[in-house]
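Trainee: Just add 6 to wherever you are in the sequence shown, counting from 1, and you've got my numbering.
Treat the hints as calculated values from the structure; they're not laboratory data.
Even glycine gets a Cβ: it sits at the ideal position worked out from N, Cα and C.
Heads up, a few of these hints could be off.
[Stated by the list, open to error] Label pairs and their in silico Cβ distance ranges:
no., residue 1, residue 2, range
1, 263, 290, 29 to 39 angstroms
2, 236, 420, 40 to 50 angstroms
3, 51, 399, 27 to 37 angstroms
4, 62, 96, 44 to 54 angstroms
5, 63, 284, 39 to 49 angstroms
6, 420, 63, 25 to 35 angstroms
7, 331, 29, 22 to 32 angstroms
8, 398, 20, 45 to 55 angstroms
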Amino acid sequence: LYGTNAYSGVINIITKSPKHSQASGQIRLGYPGLYSTSITLTQHIGDFSAHVSVSNLHEERNPYRLEVAPDSIILSKDIILNYDSIVNYQEHLEESTAEIQLKYKEHSLFINTFNNKHAYMGVYLSYSSGMPGYFADKGLLAAYRIQNMKLYEDLSLDFNLYYDYFQRDYPSNYLHTEELNLFDKKFGSKLNANYRFNDALNFEVGADVVKGIDYNHTISSIPNESIIHENLEGGEKIFEYSAFMQGNLKIDFFSLLIGTRYTGNDIFESNISSRATANFQLGTKNALKLIYGESFRTPNMLELYFYHPSVVGNPNLKPETSVSYEIAYITQIDNFFAQATVYYSSYNDLIQRVSYSREKPSEYRNVGEFAGYGFELELKYVNHKLISTFLNYNIINAEDKDEAYSNYRFVPKHTISAGASKEIGNFNLAFDSYFYSKTHGNLADIPMQYTLNIHVSYHHDLSHKLGLNHTLSITNINNSDMLIPEYIRARENVNQIPTTAFGRRIIYSLCLDL
């Protein structure tokens with residue numbers, strides 16, 4: 007039961023929570039232009055535990071050729087800077103993160119903060135609009151949770167309260183005397199109760215609310231420390247609420263999970279999204295799953311109310327919706343595991359950034375309906391004495407050929423990932439590779455691409471309390487940029503953007519475990 011802003015699925019990230027007190031640290035050095043460090047500490051005292059981690063990363067990627075808007079910057083009547091439309095662009099990345107998690111019985115407190123800087127190409131992909139500059143991002147997430155608190159023998163309660171803050175600053179002119187500022191603050195809370203009727207049936211009900219308390223996007227003058235322009239017109243603070251319920255039935259070889267969620271919003275009409283999963287256990291090592299899912303995404307404040315020479319919002323946008331169907335077969339034979347999935351998904355009211363002409367700003371629009379279907383095969387063999395391998399293959403197709411709407415034209419039809427690892431005493435040898443077939447770009451086709459990584463690890467103990475793990479990796483051996491289409495802004499002079507523009511790299515990692 008995903009709720010809003012988790013369109014088409016959710017990635018569930020579970021942070022580390024060791025059961026014993028321990029400490030670890032890691033140092034990574036890479037050539038060219040990479041270094042990172044991280045420290046993690048965990049302490050347990052009776053029912054109380056504390057987990058703290060800090061990390062930082064610095065990365066300089068290899069320059070690559072990029073086509074930008076031809077540019078002329080007039081500094082004075084005698085000084086005019088002319089820039090060609092082809093530049094060697096180099097990306098930089100700096101990240102720092104700190105996290106603390108405190109637990110006492112059913113209670114937990116989680117705080118995460120980050121501060122990042124990464125290269126910025128300018129509003130119009132030009133020097134006069136801010137390139138080369140930096141996005142400066144910072145944020146804070148604080149959450150308090152009561153988990154699985156027993157009210158009665160068969161009734162438990164979960165409660166979650168969180169605060170979320172995000173800010174981004176980035177330049178908007180060639181002297182970097184003006185910058186764009188975006189910030190967002192919101193509170194949210196969730197309460198749900200689970201009642202266990204018997205061994206076969208349990209039922210869950212709950213509700214949550216989200217209140218946006220501040221959302222703004224401005225152009226500011228750095229020398230004057232003043233706001234030049236408000237880029238959000240009529241940016242109401244969204245208040246959203248929802249109620250949900252689901253039941254789980256288990257009888258012998260069969261289980262069924264059905265749930266539905268009602269979401270209300272002070273800007274849009276209400277939404278009801280449901281999910282159902284039927285699981286047939288065929289013996290001890292075979293299973294068949296049937297999955298039905300609905301989801302939706304509300305337009306964000308920039309898509310609704312943004313007003314800027316480059317793009318304007320549309321307050322009449324409708325939420326995006328999707329419906330998906332999946333059939334999955336899972337089997338395990340000794341050390342061999344396989345899962346095969348067939349799926350079909352349809353999408354309505356997709357929101358796209360549409361550009362009508364160079365003289366007018368782009369505009370956000372609901373552009374229509376499209377669908378896709380595909381097949382995914384996951385194979386894995388795990389044998390620590392012999393070898394461990396995996397192979398994943400995915401094929402995806404668009405149901406219709408209306409390229410004005412469907413984003414499937416930007417998705418590779420075939421995707422393959424594979425890898426293997428072999429333990430030899432204290433050594434571990436491993437490789438992994440990724441392959442994407444040819445796909446459409448914004449302006450022209452992007453040929454098939456692949457990348458290959460090799461790793462050699464060695465583990466040894468200096469004492470019964472201190473262990474060291476050394477890893478030497480050669481990543482992106484074939485020096486691929488692994489290009490993806492530039493379909494978000496759909497600039498008329500940009501076809502694709504590299505995702506691995508750091509090229510071939512040699513990385514040494516040292517991990518210490520206490």
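Trainee: Of the numbered hints stated earlier in the document, which are not met by this structure?
Mentor: 1, 3, 4, 7, 8
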